[in-house]
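Colleague: All chains should be modelled from the sequences, with the hints used to inform the complete structure.
In order, the protein sequences belong to chains A and B.
Just so we're on the same page, the numbering used here is the position in the first sequence counted from 1, plus 185.
Just so we're on the same page, the numbering used here is the position in the second sequence counted from 1, plus 1.
Among the hints, a few may not be true.
[Stated by the list, open to error] Computed spacing ranges between beta-carbons, pair by pair: (1) A:H192 - B:S98: 22 to 28 Å; (2) A:N255 - B:R111: 41 to 47 Å; (3) A:T289 - B:S11: 22 to 28 Å; (4) B:T66 - A:V301: 43 to 49 Å; (5) B:A97 - A:H192: 23 to 29 Å; (6) A:C198 - B:T23: 38 to 44 Å; (7) B:D18 - A:D250: 46 to 52 Å; (8) A:G246 - B:E46: 25 to 31 Å; (9) A:L253 - B:T41: 28 to 34 Å.
[Said to hold, decoys possible] Below, in silico cross-link-like pairs of lysine-lysine (BS3-like), each with a Cα-Cα straight-line distance of 30 Å or less: (10) A:K226 - B:K43; (11) B:K99 - A:K249; (12) A:K226 - B:K79; (13) A:K226 - B:K58; (14) B:K43 - A:K249; (15) B:K60 - A:K205; (16) B:K99 - A:K226; (17) A:K199 - B:K99; (18) B:K43 - A:K251; (19) B:K43 - A:K205; (20) A:K251 - B:K70; (21) A:K205 - B:K99; (22) A:K240 - B:K99.
Since the hints were derived computationally from the structure, they do not count as laboratory data.
Virtual Cβ for every residue (Gly too), placed ideally from N, Cα, C.
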Amino acid sequence: GAVVSQHPSRVICKSGTSVKIECRSLDFQATTMFWYRQFPKQSLMLMATSNEGSKATYEQGVEKDKFLINHASLTLSTLTVTSAHPEDSSFYICSAREGLSGNTIYFGEGSWLTVV
Amino acid sequence: ILNVEQSPQSLHVQEGDSTNFTCSFPSSNFYALHWYRWETAKSPEALFVMTLNGDEKKKGRISATLNTKEGYSYLYIKGSQPEDSATYLCAPGSSASKIIFGSGTRLSIRP
Chain A
186 GAVVSQHPSR VICKSGTSVK IECRSLDFQA TTMFWYRQFP KQSLMLMATS
236 NEGSKATYEQ GVEKDKFLIN HASLTLSTLT VTSAHPEDSS FYICSAREGL
286 SGNTIYFGEG SWLTVV
Chain B
2 ILNVEQSPQS LHVQEGDSTN FTCSFPSSNF YALHWYRWET AKSPEALFVM
52 TLNGDEKKKG RISATLNTKE GYSYLYIKGS QPEDSATYLC APGSSASKII
102 FGSGTRLSIR P
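Modeller: Laid out in structure tokens, this is it:
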């Protein structure tokens, strides 16, 4: 089946620094990728939809200057948390939709970010 | 689609028993409903994508039904096995790009 790889799985960074999380579709082309965040005991919250070759679409309340998304190729999207603060510590997970109109969405393994 | 409710939040079932849980969502602006199984330390695994009212899908011992008019979907597991222990997420969408996740049902199977 289709595989989405997310890296790193865990990262610890200092407050004020930036950290990049990568999401790769390994065996299919992903025109659209999604980034989610999960707070403890809550559901996955969609942060933004990343479209290859164009600007990401951010959900209401998500700061686009803080959470930079780049989808430069059909197999890679990156999320950069800029000037990270402890409140950005969370679980971030990406997913990718196969093809232009596929309904099945495949998830990465997720990344635990801790800002100290 | 803003409000997705899954019930129960957690469930403990004896091995061999069958079980089911519910996903409720607003029936307006419906496009598709996704069910995922999420085991600890793994990626959420797609189980079903359902689009039509009255849809029934089956994968091994797991099946799901969909009622878009009243806004609910049921997931059934027949003859639960320890490997079925996971969190089951439903995610209705108002478009191919806009899907909202419920908080999940955490299923634990007792040997």
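Colleague: Confirm or reject each hint.
Modeller: Against the structure, the hints:
1. A:H192 - B:S98: 22 to 28 Å: Holds - the Cβ-Cβ distance for H192 of chain A and S98 of chain B, about 24 Å, lies within 22 to 28 Å.
2. A:N255 - B:R111: 41 to 47 Å: 46 Å, holds
3. A:T289 - B:S11: 22 to 28 Å: 27 Å, holds
4. B:T66 - A:V301: 43 to 49 Å: 47 Å, holds
5. B:A97 - A:H192: 23 to 29 Å: This hint holds: roughly 26 Å between Cβ atoms.
6. A:C198 - B:T23: 38 to 44 Å: 40 Å, holds
7. B:D18 - A:D250: 46 to 52 Å: Distance hint for D18 of chain B, D250 of chain A holds at roughly 51 Å.
8. A:G246 - B:E46: 25 to 31 Å: Holds: the Cβ-Cβ distance is about 29 Å, inside 25 to 31 Å.
9. A:L253 - B:T41: 28 to 34 Å: With Cβ atoms ~30 Å apart, the hint holds.
10. A:K226 - B:K43: 17 Å, holds
11. B:K99 - A:K249: Satisfied, since the Cα-Cα distance of roughly 18 Å is no more than 30 Å.
12. A:K226 - B:K79: With a Cα-Cα distance of about 27 Å, the restraint between K226 of chain A and K79 of chain B holds, given a limit of 30 Å.
13. A:K226 - B:K58: Roughly 29 Å between the alpha carbons, so the hint for K226 of chain A and K58 of chain B holds.
14. B:K43 - A:K249: 28 Å, holds
15. B:K60 - A:K205: 37 Å, violated
16. B:K99 - A:K226: OK: K99 of chain B and K226 of chain A at ~22 Å, within 30 Å.
17. A:K199 - B:K99: Measuring from Cα to Cα gives roughly 33 Å; hence the hint is violated.
18. B:K43 - A:K251: Cα-Cα ~27 Å, so holds.
19. B:K43 - A:K205: 21 Å, holds
20. A:K251 - B:K70: 39 Å, violated
21. A:K205 - B:K99: 24 Å, holds
22. A:K240 - B:K99: 16 Å, holds
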